[in-house]
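Residues 18 to 314 (our numbering) make up the sequence shown, in order.
Honestly, the hints are just simulated from the structure, not real lab data. Only a predicted model underlies this, so the values are computations on that prediction, with no experimental measurement involved. Any given hint might turn out to be false.
Mimicking DSS-like on lysine-lysine, the simulated pairs with C-alpha atoms at most 30 Å apart in a straight line are [claimed, not checked]:
| hint | residue 1 | residue 2 |
| --- | --- | --- |
| 1 | Lys242 | Lys132 |
| 2 | Lys294 | Lys282 |
| 3 | Lys22 | Lys263 |
| 4 | Lys22 | Lys132 |
| 5 | Lys242 | Lys145 |
| 6 | Lys82 | Lys108 |
| 7 | Lys242 | Lys180 |
| 8 | Lys180 | Lys22 |
The following label-pair restraints were derived from C-beta to C-beta distances [said to hold, decoys possible]:
| hint | residue 1 | residue 2 | range |
| --- | --- | --- | --- |
| 9 | Gly110 | Pro54 | 21 to 29 Å |
| 10 | Glu299 | Lys131 | 40 to 48 Å |
| 11 | Lys132 | Ala251 | 13 to 21 Å |
| 12 | Gly45 | Ala262 | 19 to 27 Å |
| 13 | Gly264 | Ala44 | 24 to 32 Å |
| 14 | Pro54 | His247 | 46 to 54 Å |
We treat Cβ as the ideally placed atom computed from N, Cα and C, and that holds for glycine.
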Amino acid sequence: MSAIKNVAVVGGSGNLGAPVVQALIEAGFNVTVLSRPDSKATFPSNVRVHRTDYSSNTSIAEALKGQDAVVSTIATPALNQQVAVIEEAVKAGVKRFIPSEFGINTQKADGGIKKILGGKISLQEKLKKTAAEHKEFSWTGISTGIFFDWGLEHGFGYNLKEKTATVFDSGNEPFTATNLPTIGKAVAAVLKHPEQTANKYIEVASFVTTQNEIVKNLEEATGAKFTIDHRNTAETQKIADEKLAKGDFSSFRDYLTVYVYADGKGQSPKESELANKEIGLEKDDLKASIKAVLAKI
């Protein structure tokens, strides 16, 4: 496979899209962002912006002319828009498509969370089929675990101002987490290693940690004792099932809590299963990551 130079990013102004765009620029790629016609988002001066109407295949096709790769960081409610982008990408001769996967490993998902993430899973099947039918086209799915810095900053399980934390079960279940800038670097690294990452689903991480380890480091960094609210994931599972039965998809957060924190779930990949080394992606330091978030708030 020839080198990838020109990269189009779908959803480049979001919480994840912005660091992906920045990482691609820093890695030396020529970046085009597909932005909605009415978007007020701004981008670095060296980024080409194509105002794209996702309801128009012609508009999508125009945006993808000359692109070697497409990276989708599109939000979950708009996942279906990727189908048209994939189809036009094939026609445009795009070599690599990275879907809006990220987050947990959907290939391990089951139960309610699998139902909610069904759009991501079905898209993987479309990508596999498309790659089989068009040998010049390939894809890479990237699982990153939870978004660590973003989640910590926005109070997912930890209230940094009030010095409180919610810990589920024993708090000792290992899980993977990745900072947003490192997710951007992972995308760039995948595109720098097209042969090694073609038609694969990989897992990367800033680090493997536990809830208790995070609390310990928060207390050390702040010099304050955190008040812990201990909860049981079995109860959280029950709440999630009741919500989903009513069509309430806010149950995703509850299911995610169970998936990540439940004792004995074993969802975290082993160090040997992470692709960091294969693609040359450096890990982050947990203590430094926590201090960086604390400095922001």
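Each hint tested on the structure:
Restraint check for Lys242 and Lys132: the C-alpha separation of about 39 Å exceeds 30 Å, so the hint is violated. Pair hint Lys294 plus Lys282 holds up; C-alpha atoms about 25 Å apart against a cutoff of 30 Å. For the hint linking Lys22 to Lys263, the alpha-carbon distance of about 47 Å lies beyond 30 Å, and the restraint is violated. Between the alpha carbons of Lys22 and Lys132 the distance comes to roughly 36 Å, so the proposed pair goes past 30 Å and is violated.
With a C-alpha separation of about 49 Å, the suggested pairing of Lys242 with Lys145 is violated against the 30 Å cut-off. Restraint check: the Cα-Cα separation between Lys82 and Lys108 comes to about 9 Å, which is no more than 30 Å; the hinted pair holds. A distance of roughly 7 Å separates the Cα atoms of Lys242 and Lys180; the hinted pair therefore holds under the 30 Å criterion. As the CA atoms of Lys180 and Lys22 are separated by approximately 46 Å, the hinted pair breaks the 30 Å bound.
Checked against the hint of 21 to 29 Å, the pair Gly110 and Pro54 passes, with Cβ atoms roughly 25 Å apart. At about 32 Å, the CB distance of Glu299 to Lys131 disagrees with the hint of 40 to 48 Å. Checked against the given bound of 13 to 21 Å, the beta carbons of Lys132 and Ala251, roughly 19 Å apart, stay inside it. The given range of 19 to 27 Å is broken by Gly45 and Ala262, whose C-beta atoms sit roughly 50 Å from each other.
For Gly264 and Ala44, the hinted distance range of 24 to 32 Å is not satisfied, since their beta carbons lie about 42 Å from each other. Our hint of 46 to 54 Å for Pro54 and His247 holds, since their Cβ atoms are close to 49 Å apart.
In summary, the structure is inconsistent with hints 1, 3, 4, 5, 8, 10, 12, 13 from the numbered list given earlier, while agreeing with the others.
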